[in-house]
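Required output: the full structure, derived from the provided sequences and hints.
Listed below, chain by chain, are the residues.
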Amino acid sequence: MSNMDAFQGILKFFLNQKTAIGYSFMALLTVGGERLFSLVAFKCPCSAENTVYGLAFLFAPAWVLLILGFFLNNRSWRLFTGCCVNPRKIFPRGHGCRFFYVLGQITLHSLVAPMMWLSVALLNGTFYECAMSGTKSSRLLELICKGKPKECWEELYKVSCEKTSLTPADNEELKLSLQAQSQILGWCLICSASFFSLFTTCYGRCRAKVSYLQLSFWKTYVEKEKAQLEETFLDYANKLSERNLKCFFENKRPEAFPLPSFAAWEAAS
Amino acid sequence: MSNMDAFQGILKFFLNQKTAIGYSFMALLTVGGERLFSLVAFKCPCSAENTVYGLAFLFAPAWVLLILGFFLNNRSWRLFTGCCVNPRKIFPRGHGCRFFYVLGQITLHSLVAPMMWLSVALLNGTFYECAMSGTKSSRLLELICKGKPKECWEELYKVSCEKTSLTPADNEELKLSLQAQSQILGWCLICSASFFSLFTTCYGRCRAKVSYLQLSFWKTYVEKEKAQLEETFLDYANKLSERNLKCFFENKRPEAFPLPSFAAWEAAS
Amino acid sequence: MSNMDAFQGILKFFLNQKTAIGYSFMALLTVGGERLFSLVAFKCPCSAENTVYGLAFLFAPAWVLLILGFFLNNRSWRLFTGCCVNPRKIFPRGHGCRFFYVLGQITLHSLVAPMMWLSVALLNGTFYECAMSGTKSSRLLELICKGKPKECWEELYKVSCEKTSLTPADNEELKLSLQAQSQILGWCLICSASFFSLFTTCYGRCRAKVSYLQLSFWKTYVEKEKAQLEETFLDYANKLSERNLKCFFENKRPEAFPLPSFAAWEAAS
Numbered sequence: 001m002s003n004m005d006a007f008q009g010i011l012k013f014f015l016n017q018k019t020a021i022g023y024s025f026m027a028l029l030t031v032g033g034e035r036l037f038s039l040v041a042f043k044c045p046c047s048a049e050n051t052v053y054g055l056a057f058l059f060a061p062a063w064v065l066l067i068l069g070f071f072l073n074n075r076s077w078r079l080f081t082g083c084c085v086n087p088r089k090i091f092p093r094g095h096g097c098r099f100f101y102v103l104g105q106i107t108l109h110s111l112v113a114p115m116m117w118l119s120v121a122l123l124n125g126t127f128y129e130c131a132m133s134g135t136k137s138s139r140l141l142e143l144i145c146k147g148k149p150k151e152c153w154e155e156l157y158k159v160s161c162e163k164t165s166l167t168p169a170d171n172e173e174l175k176l177s178l179q180a181q182s183q184i185l186g187w188c189l190i191c192s193a194s195f196f197s198l199f200t201t202c203y204g205r206c207r208a209k210v211s212y213l214q215l216s217f218w219k220t221y222v223e224k225e226k227a228q229l230e231e232t233f234l235d236y237a238n239k240l241s242e243r244n245l246k247c248f249f250e251n252k253r254p255e256a257f258p259l260p261s262f263a264a265w266e267a268a269s
Numbered sequence: 001m002s003n004m005d006a007f008q009g010i011l012k013f014f015l016n017q018k019t020a021i022g023y024s025f026m027a028l029l030t031v032g033g034e035r036l037f038s039l040v041a042f043k044c045p046c047s048a049e050n051t052v053y054g055l056a057f058l059f060a061p062a063w064v065l066l067i068l069g070f071f072l073n074n075r076s077w078r079l080f081t082g083c084c085v086n087p088r089k090i091f092p093r094g095h096g097c098r099f100f101y102v103l104g105q106i107t108l109h110s111l112v113a114p115m116m117w118l119s120v121a122l123l124n125g126t127f128y129e130c131a132m133s134g135t136k137s138s139r140l141l142e143l144i145c146k147g148k149p150k151e152c153w154e155e156l157y158k159v160s161c162e163k164t165s166l167t168p169a170d171n172e173e174l175k176l177s178l179q180a181q182s183q184i185l186g187w188c189l190i191c192s193a194s195f196f197s198l199f200t201t202c203y204g205r206c207r208a209k210v211s212y213l214q215l216s217f218w219k220t221y222v223e224k225e226k227a228q229l230e231e232t233f234l235d236y237a238n239k240l241s242e243r244n245l246k247c248f249f250e251n252k253r254p255e256a257f258p259l260p261s262f263a264a265w266e267a268a269s
Numbered sequence: 001m002s003n004m005d006a007f008q009g010i011l012k013f014f015l016n017q018k019t020a021i022g023y024s025f026m027a028l029l030t031v032g033g034e035r036l037f038s039l040v041a042f043k044c045p046c047s048a049e050n051t052v053y054g055l056a057f058l059f060a061p062a063w064v065l066l067i068l069g070f071f072l073n074n075r076s077w078r079l080f081t082g083c084c085v086n087p088r089k090i091f092p093r094g095h096g097c098r099f100f101y102v103l104g105q106i107t108l109h110s111l112v113a114p115m116m117w118l119s120v121a122l123l124n125g126t127f128y129e130c131a132m133s134g135t136k137s138s139r140l141l142e143l144i145c146k147g148k149p150k151e152c153w154e155e156l157y158k159v160s161c162e163k164t165s166l167t168p169a170d171n172e173e174l175k176l177s178l179q180a181q182s183q184i185l186g187w188c189l190i191c192s193a194s195f196f197s198l199f200t201t202c203y204g205r206c207r208a209k210v211s212y213l214q215l216s217f218w219k220t221y222v223e224k225e226k227a228q229l230e231e232t233f234l235d236y237a238n239k240l241s242e243r244n245l246k247c248f249f250e251n252k253r254p255e256a257f258p259l260p261s262f263a264a265w266e267a268a269s
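Chains as they are written, first to last, in the working numbering: chain A, 1 to 269; chain B, 1 to 269; chain C, 1 to 269.
To be clear, the hints were calculated from the coordinates, so they are not data collected in a lab.
A couple of the hints might just be wrong.
Any copy will do: because identical chains look the same in the list, a pair fits if it lies in one copy or spans two.
[Unchecked claim] Simulated crosslink set (DSS-like; lysine-lysine; CA at most 27 Å straight-line): (1) Lys226 to Lys246; (2) Lys163 to Lys136; (3) Lys148 to Lys239; (4) Lys146 to Lys219; (5) Lys175 to Lys163; (6) Lys224 to Lys246; (7) Lys239 to Lys43; (8) Lys239 to Lys12; (9) Lys18 to Lys224; (10) Lys224 to Lys239; (11) Lys146 to Lys246; (12) Lys12 to Lys175; (13) Lys226 to Lys12; (14) Lys43 to Lys163; (15) Lys219 to Lys239; (16) Lys136 to Lys224; (17) Lys136 to Lys150; (18) Lys163 to Lys150; (19) Lys175 to Lys219; (20) Lys43 to Lys175; (21) Lys12 to Lys246; (22) Lys224 to Lys12.
This is how it looks when you write it as structure tokens:
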């Protein structure tokens, strides 16, 4: 008995940490993906395309992850489904900005994965190094090549391939310096993102109209309702399809089947 | 029987040490994380960026851990939820500073992990070595380069990469000296942090209005109540969602369901 | 049957030796920790920081262990809880020094672990060697460098790194001599600490107002009471939380629940 209790306690503990486990898994996937990309696919061209190439590897996956985040978020579908037919739904009377509020929430949730990608990519430094070494802005060149020989200004774009006419030591120094800049940027991004997320969560909670306990009760309720809804759906769908098939094969008119009205469905969504 | 009792005793012992086990786990994670970072990600650039780079690796993870600590602390949410709607809640009449008291407590709890990170990072010494070797303050240079050849003043930032024009022995000495400073700082931090934590705990206990036995009774009570609350939540949520779904599919008006009023929820939080 | 009895006998024997097993475990942890620190983290800087560095490794962990000892001691919390509200509690009429007596007892108990650390660290000798080799006091230098060549006075701080201009034999001699001093100090510490602990225990028993048999009866009683108290706590907490939750969800006023008064709690603590 005591043994079973302990086991259940551990199981419950892990179920409570669902969100944390989900995010850890996401972080692991991001790190793995970044490793894979920078080893297999990324080869800095060391030509005039450096900047575009590096920035593409930095931002394109982030963009894809953002879109994916929108796709996988149930709330965005709940928001948009049927909004053309019924525009009142997303701009209800007197709550015109509710649409933008919900859209903002969805965007913030979808931004988690892209931010992770950017952080990991910047902490690794390969993409940034390639992107910056192709710069043509004289201000950035000034910053990077300070105290280096004159060739640096002209051959910076060859640094990542180690084909410059600089000494290997100077070349190595330039690379390390670029990577250091990338990592510093990465840490800045992580710090500000984490602070921003704490701030927005805090603000959202502050504006909540219910107390902490009530909120946790509704969380439990929503979970339970979702599970039961699925069951009921399955149940009703089962009955409905059975009836329809039976009627079809026996060439009868289907009997009436009680289903909620359209308005009720709308209100419930 | 005696066997079972012994097993239960051991189980109970470990359950009582939950906090200790949690902290040990946290310490282990911190040490592992620090090892990983300093091996995989950290490469001192040996240029003018040394200081910023080293400090970023020292303080940015600490900052992230602090934010995470706020996030994972239930009390901070209990404090902030609904505080804009009901400002009386966090600034009750006659107890204006209660908000800052609770906020301080939460901050102190959240500071544990960052302090661990800083201690581990300082005891390891890599980050501090890089950060200090990039210093430009003449007072610090005086301190570090005392009794060393003249090149030390100019090429200190190359010390961690061992590319100075100093002799290898001098270079090694400088590195060891910087690491020693880092470790001394680390021990100072650990000693003062542990003393401070004892002091604040002691002070908090001194100001408590209940006796030791009563306090331990309330601890037992709070744990029990939490477990029962979860059960009751699940039970009520189950009943409520069942009723709602039934009404929805059968197109009926839901019957009244007795739930506590808003004020009761507020008072209970 | 006899088999079971024998097993129970062994179990009981080990349960009686709880204190001894706990101390052995502590000693093992201390030795392991010291080994780990002196191998992984400790690198004598061989510069002017030697003394501070060595002393930090000798005393900082001892300080942390002392603080930890206070934290883990239930009696210190029993003493301090509520002492500001009710100063009479720790300075009762006519027993003004009782507070200092209990505090002294707690300190003595908390000193066990730091003493272990100091003994182990001194017996190993690495920390002391580093700390002493950085000394600038002429009296200590006189003592250490007696009968050694003149370089000893100037280059003693390089002894642990073996980079002095002394002959290897002289260097080795100096190191051995420092380590020997450390171990002698360690044995002195162990001997005096063990004598002191015997003395204080003896003195405490002498001042006891009960006989040996009575004392061992009280020990058994205290243990039994503690176990039963925990059970009663659990029972009462269970009932109380059940009542409160029921009242909360059914919007009723809670009935009265008989609990001991504040004064009774105070007296029992």
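Evaluated hints:
1. Lys226 to Lys246: between (30 Å within a copy, 13 Å between copies)
2. Lys163 to Lys136: within (18 Å within a copy, 30 Å between copies)
3. Lys148 to Lys239: neither (79 Å within a copy, 74 Å between copies)
4. Lys146 to Lys219: Classified as neither: same-chain Cα gap 56 Å, cross-chain 62 Å, threshold 27 Å.
5. Lys175 to Lys163: both (12 Å within a copy, 16 Å between copies)
6. Lys224 to Lys246: between (33 Å within a copy, 14 Å between copies)
7. Lys239 to Lys43: neither (58 Å within a copy, 60 Å between copies)
8. Lys239 to Lys12: between (34 Å within a copy, 22 Å between copies)
9. Lys18 to Lys224: Both, since 16 Å and 23 Å are each at most 27 Å.
10. Lys224 to Lys239: both (23 Å within a copy, 9 Å between copies)
11. Lys146 to Lys246: neither (83 Å within a copy, 73 Å between copies)
12. Lys12 to Lys175: Neither. Shortest intra-copy (49 Å) and inter-copy (49 Å) distances fail the 27 Å Cα cut-off.
13. Lys226 to Lys12: both (19 Å within a copy, 14 Å between copies)
14. Lys43 to Lys163: Both: 14 Å inside a copy, 22 Å across copies.
15. Lys219 to Lys239: between (30 Å within a copy, 15 Å between copies)
16. Lys136 to Lys224: Neither: 58 Å inside a copy, 62 Å across copies.
17. Lys136 to Lys150: So Lys136 and Lys150 pass the 27 Å test inside a copy (15 Å) and across (25 Å) alike.
18. Lys163 to Lys150: both (15 Å within a copy, 21 Å between copies)
19. Lys175 to Lys219: So Lys175 and Lys219 fail the 27 Å test inside a copy (50 Å) and across (55 Å) alike.
20. Lys43 to Lys175: both (15 Å within a copy, 11 Å between copies)
21. Lys12 to Lys246: The answer is between: 24 Å across copies meets 27 Å, while 44 Å in one copy does not.
22. Lys224 to Lys12: both (15 Å within a copy, 16 Å between copies)
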